[in-house]
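**Q** Read top to bottom, the protein sequences are chains U and L. For the first sequence, UniProt numbering begins at 1 and goes up steadily by one. For the second sequence, UniProt numbering begins at 1 and goes up steadily by one.
Rather than coming from a laboratory, the hints here were simulated on the basis of the structure. Even glycine gets a Cβ: it sits at the ideal position worked out from N, Cα and C. A few of these clues could be false.
Said to hold, decoys possible - Derived contacts from chain U toward chain L, CB cut-off under 10 Å, selection only:
| hint | residue |
| --- | --- |
| 1 | M250 |
| 2 | R260 |
| 3 | N326 |
| 4 | T328 |
| 5 | E330 |
| 6 | D334 |
| 7 | S393 |
| 8 | S418 |
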Amino acid sequence: MKKLILITLMLATPAAIAEHLDLDQLLRDVKRSQGTEARINRVREAEFLAEKNKQQQLLHEAQVELNQQQQLSQQLKSHLDANEQELMELEAKLKNRSGELGELFGVARQAAGDLKADLTNSIISAQFPGRLEQLDKIANSKALPTIEQLEKLWFTLQQEMTESAKVVSFDTKIQTASGEPRQAKVVRIGSFNALADGKYLRYLSETGKLSELARQPEDKYLDLAENLLTAKQGPVPVGIDPTRGVILSMLIQTPNTTERIDQGGIIGYIILFLGAFGLVYAIVRLVMLTLTWRKMQNQVGSDQISEDNPLGRVIAAGEQAGSEDNETLELLLDEAITREVPALEKGQSMIKLLAAVAPLLGLLGTVTGMISTFQSISLFGTGDPKLMASGISQALVTTMLGLCVAIPLLFLHSLVASRSRMLVQILDEQSAGIVSRRAGK
Amino acid sequence: MDIITTQLDLIQRFLHAGGSVLWFILLVSVGLWCLIIERLLFFRFSYPQLREHWLGLWRQRSDKRSQHARHIRTGIISEAQITMSKNIAVIKMLVSICPLMGLLGTVTGMIHVFDVMAVTGSGNARAMADGVSQATIPTMAGMVIAIAGLYFSKLIEERVSDETHHLSDLLQNH
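Could you put together the complete structure from these sequences and hints?
**A** See below:
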């Protein structure tokens with residue numbers, strides 16, 4: 001306080017004279033304001049006290065309110081419990097009552113799904129388009145199916161069953177093998193096959209259309225199909241594919257003759273070339289031998305000696321001998337025959353060689369084919385037979401071609417050989433005859 | 001009648017199971033047996049007359065010792081030999097073709113099997129059975145025909161050789 005006063009004094013020093021009267025005033029002011037504050041405090045106190053009483057009352061009221069609300073809550077909770085209990089009872093009742101029906105609807109939905117899958121690939125769908133959409137609705141809807149839908153499902157099932165036992169004909173648009181659409185009378189045999197104009201059709205499930213097979217079965221089955229189309233009554237034999245198109249689709253995949261020959265590769269072509277060459281050569285030889293034989297027959301019949309055939313030349317050689325003795329004549333004739341024989345036997349060894357080489361080339365093709373097969377096995381393993389197929393088909397096709405070439409060539413060789421032997425024999429006989437005639441003179 | 005149709009049906013089924021090669025084998029076997037039967041009938045009926053004819057030719061001759069006579073004799077024997085061994089070359093050729101045709105059938109059958117394998121995979125043995133029967137039946141048929149044909153062709157060859165010897169004996173003695 002002393003310090004404070006000191007500081008106050010020091011501060012006041014410059015103005016001490018002017019303001020010393022104000023200090024008393026300040027004192028009085030302080031005193032007065034102390035009194036005012038005390039009064040205000042009293043008023044506040046009174047206010048607080050009053051307020052306190054009011055709060056107490058409010059608290060009381062709130063507590064009353066709380067009690068009321070709690071009671072209400074209790075009431076509502078018991079109500080809720082009761083409701084839940086009732087709901088559970090009702091649900092149990094519902095489940096009890098609709099239990100079997102729910103299963104039934106599930107089965108109906110599943111049946112519709114299964115039937116749809118069947119009908120998608122069924123050839124009968126070509127005759128009755130638009131069946132799938134109905135089934136789609138039943139199979140995919142979450143709601144319970146209607147009576148109408150259920151009846152439709154039943155009808156479709158029954159229809160499929162009944163129609164699969166029938167052979168019927170109907171007009172529809174089909175696709176030709178080249179892909180153009182055309183109107184045709186189609187005969188459907190149960191759910192197995194459909195035929196139009198004596199050709200087998202297949203059912204394209206993507207478009208729901210029938211399409212002609214690019215490659216048809218053997219003629220004898222196609223003839224049966226023709227018979228079926230023209231038949232009016234009575235049992236008719238016909239070829240059906242009980243696998244519903246699997247065998248017919250395999251038929252398309254099997255290669256035809258040219259594709260088959262292509263599988264033989266370069267060795268196959270070599271074999272075929274040799275075979276063609278041998279065939280032509282053998283036939284030419286055969287024709288020439290036949291012509292020679294005919295000329296020789298003429299020569300045997302006539303007295304005129306013509307030089308255009310071996311027999312004529314041999315006889316001419318005999319005539320030239322003139323009055324030589326028999327032994328010289330025999331030698332001359334032998335010589336003449338020896339000259340003729342190579343021309344008659346020409347080409348035989350060539351044909352025989354080709355007939356022997358063809359199976360050997362086939363064997364070569366087999367070995368190269370097996371080599372490529374084993375290469376693909378070492379690369380891909382034995383899991384997929386399709387990867388090995390090209391090597392194996394090369395192996396088999398070359399063997400087949402080799403045999404196909406060798407068998408006719410052997411046959412032709414035998415013909416050529418027997419014919420030329422016959423001609424040589426005739427020469428021998430006739431020369432002996434000439435000698436005898438001379439000796440008989 | 002019924003039995004005949006049943007048998008025909010069986011034959012047809014057999015031919016069908018063997019594939020197209022079996023038809024060629026059938027053709028070859030029919031040709032082979034025709035030739036064999038022709039030869040057997042020839043030896044049974046025609047040959048005795050022909051032999052008498054040749055013997056007669058020889059008997060008519062007064063001169064049987066000269067060189068000329070020897071030529072005639074050789075001519076007769078050679079003619080007889082040619083007449084007897086006619087078609088034997090064809091028979092032998094057909095016999096040798098039969099196993100080749102069987103082999104061809106095996107190969108085409110195996111091609112069929114591999115076709116089926118390419119489509120269905122190697123799991124389906126039943127689908128391959130058709131090709132296997134196409135492979136085995138022609139082989140068997142070719143073998144059976146070749147063995148039977150071989151026996152008869154040897155038989156005929158023996159007969160030709162025997163008859164030639166016999167004939168030359170007869171010509172010598174007279």
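**Q** Given N326 (chain U) was flagged as interface, is its beta-carbon under 10 Å from a beta-carbon of chain L?
**A** holds (7 Å)
**Q** A closest beta-carbon separation below 10 Å is what the hint needs, so does E330 (chain U) meet it against chain L?
**A** holds (9 Å)
**Q** Would the hint on S393 (chain U) be counted as holding, given a Cβ-Cβ threshold of 10 Å to chain L?
**A** It holds, given that the least Cβ distance between S393 (chain U) and chain L is near 6 Å, below 10 Å.
**Q** Double-check S418 (chain U) for me: the hint is only fine if its C-beta lies closer than 10 Å to a C-beta in chain L.
**A** holds (5 Å)
**Q** Per the CB criterion, is M250 (chain U) less than 10 Å away from chain L?
**A** holds (5 Å)
**Q** For the restraint on R260 (chain U), tell me whether the closest CB of chain L is nearer than 10 Å.
**A** holds (8 Å)
**Q** Would you check whether T328 (chain U) satisfies its interface hint, that is, whether its CB is within less than 10 Å of any CB in chain L?
**A** violated (13 Å)
**Q** Return the status of the interface hint for D334 (chain U): holds when the least beta-carbon distance to chain L is below 10 Å, violated otherwise.
**A** violated (13 Å)
Of the numbered hints stated above, those contradicted by the structure are hints 4, 6, listed in ascending order.
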